[in-house]
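S.K.: These are the residues of each chain, in order.
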Amino acid sequence: MTLPESRRIGLRFENIDKRYGGLFALRRVSLEIAPGECVALAGRNGSGKTTLLRIAARLVRPSAGKLTFSPTHTEASPAAMTAGFVAHATMVYDELTAEENLLLFARLLAIAKPAERVEKLLRDVGLLERRDSLVRTFSRGMRQRVAIARALLHEPAVLLLDEPSTGLDPQGVNWLAETLWRLHGSGCTILMSLHGESEISALATRGIRLDAGSVAADSQTGGSLRSILTFASA
Amino acid sequence: MSLFSNASVLLGKELRTEFRSRELLTTTVVFILMVVVLFSFTFDPTREESRRFGPGLLWLAFLFAASLMLQPGFLREQTNDTLSALRLSVSDPFAIFLSKLCANTLFLLITELLLLPVFAVLYNVPLFGVVPQLALVLFLGSLGLSVTGTTLSAISAQARMRELLLPLLLLPLLTPLLIASTEATAALFAENPTLRWDWLAFLIAFDVIFLTAVWLFGEYLLEE
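Protein sequences, first through last, are from chains A and B. For the first sequence, my numbering assigns the number 1264 to the initial residue and increments by one for each residue that follows. For the second sequence, my numbering assigns the number 718 to the initial residue and increments by one for each residue that follows.
Just so you know, these hints were derived from the structure itself, not from any lab. Note that this is a predicted model, so its numbers are computed, not measured. Ideal Cβ placement from N, Cα and C applies to all residues, glycine included. What you were told as hints is all true, and nothing was included just to trick you.
Among the chain A residues that face chain B by a calculated CB cut under 8 Å, a handful are: (1) L1322; (2) T1353; (3) Y1356; (4) D1357.
Some chain A residues near chain B, calculated using beta-carbon distances under 10 Å: (5) A1320; (6) R1321; (7) V1323; (8) R1324; (9) A1346; (10) G1347; (11) H1351; (12) M1354; (13) E1358; (14) L1397; (15) V1398; (16) A1410; (17) R1413; (18) A1414; (19) L1416; (20) H1417.
The task is simple: from the sequences and hints, build the whole structure.
M.R.: This is the structure in structure tokens:
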């Protein structure tokens, strides 16, 4: 599926600060991410990648600055800006089965024919045969697959991924890379935090390195994408 | 999707997870049954004493049940950061609160339903003639317990020392509600049972005020 131009969304972070008490998680971060871009965020632990992603998902309110959405650059989020978000935590219920979890979120997102959509995603992530198993019986990698399936349920126009390959086996990483490649090709805007180079980082069209809450390097304004990603993992 | 559709989907999830694990209901029912039975054997009250002290004891037991039951409501959502997933999925964050409120009220009413016959037998308090009136008082009181408890559970879930914080915040706020509920129940347990509309009006006002406040400011409760 290709997203129509009207559904493609870009993000603009303007002088974003985020403080937790006296500690700055982000300090005057300004970035513009064009609709359909695939951006890799790199940086050491605690550099602010997760906070930036959570602000982009509108789960965290910035202490200063603003986040707007293009093409109109309005602060009010467009209806289509229900981002798909894969976080460190799986964001699914251990006490529900894989199918129950996905059906729950599909119904909340008002997806047409939720059962069909859930079955397709379960097949895509290779968990169709375990659809009736409780998530708490799954391995970390299987839980991550359910988490990714949850984020993709509504074919989001913006996908935010926080170290998405965590726990995935090599086949899982390949599947994720293929899926992200397809989504990027369809016009989906992708912002993902990564550690080092991988099949997934190869998809990125732009790299941004954060250091102590500030943008330290951006491949759009200087520096190669590879050097930005590898510096962070060094 | 509307607020009520989202809330009903989430309520279904709350009921499914609880009836699957029965963690909350089992522990709470066992705990408050023990409280009521222990009080009965310790004080061995006469029928007159039961009429005087029974309503207070009953609402104290319900308070214990509520403080046990309400804590995990939002705490469970922290485990896998499912609260964030819900916030990303619902059109109105109040739906999350509303579903928890409905589930908590329902679980509290189930607990009360199981406790009342035991209380009536052990304390020799006849309830048959006042069942509809008592149900009304219990519903309004339980709704008040749940509204305040669910709100404070949402606040305390993100705090350190959360296990201490909820009872500390809950008890002072619930004092007026507990007084009104106890007085309304005592009037029903009297020799000539009456439904005290003044206390009922107080309970309705308490519920409406807290529910409106949460509806207005609920979005901020769920923020990180």
